Amino acid sequence: MSPPSNIVVGLGRSLPKELPYVILQFLAANSLAEFSAAVVAKTFLRLAISGWSGLAGRYTFYATELELKVEERKVLIPRIVLDAAINDRFNSTRSLSVYHCIKGPDDDGFDDGDCGDFGDYGDYGDYGE
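The sequence shown begins at 1 in the working numbering and counts up by one.
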C-alpha cells in the first residue's frame, strides 16, 4: 500500500475509538484486477448488516474486521498472518511447554516409562491395562 493509503488506514483505526458509532472497514488489494464485484458486494453487505444491531447479534457468524485484503481471489485478515521470525523471538522469552505421557504402574509397582506412540500430546486413557 502507498503511504497516503497507510495514513488513511491509521486514521481509520483511531476514529472508531473516538466516535463509537462510526463503523469503518478497509478492503485492500495489490492490484485492481484482484477485486471482483462479488467480493466487494459481500464485504459491503457484511458491514451493513453488522451496523443493524437487531440482526447482527442473531444471524452473523463473523466479526467485523477493520482491515481486509484480497489476495489471489481470497479475502484475508492481515493481522492473522504467520510470521515465524517474530513468533520465535516472542516465544523465546517464555518457558518451554513439555507434554508427558502418563502410564500407570506395572505388576511390579514401578512405571516402566513405555508409553508408546500417542502423538504430540500423549494419551491419558486406560491406566495400567
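It is possible that some hints are incorrect.
Only pairs whose alpha carbons sit at most 25 Å apart, straight line, appear in this in silico DSS-like list of lysine-lysine [said to hold, decoys possible]: (1) 42 to 69; (2) 74 to 42; (3) 17 to 74.
Derived from the structure by calculation, the hints contain no laboratory data.
Keep in mind it's a predicted model, so treat the numbers as computed, not measured.
Worksheet entry | Hints the structure fails to honour | Going through the list in order, the structure violates hint 3 alone and respects the others.
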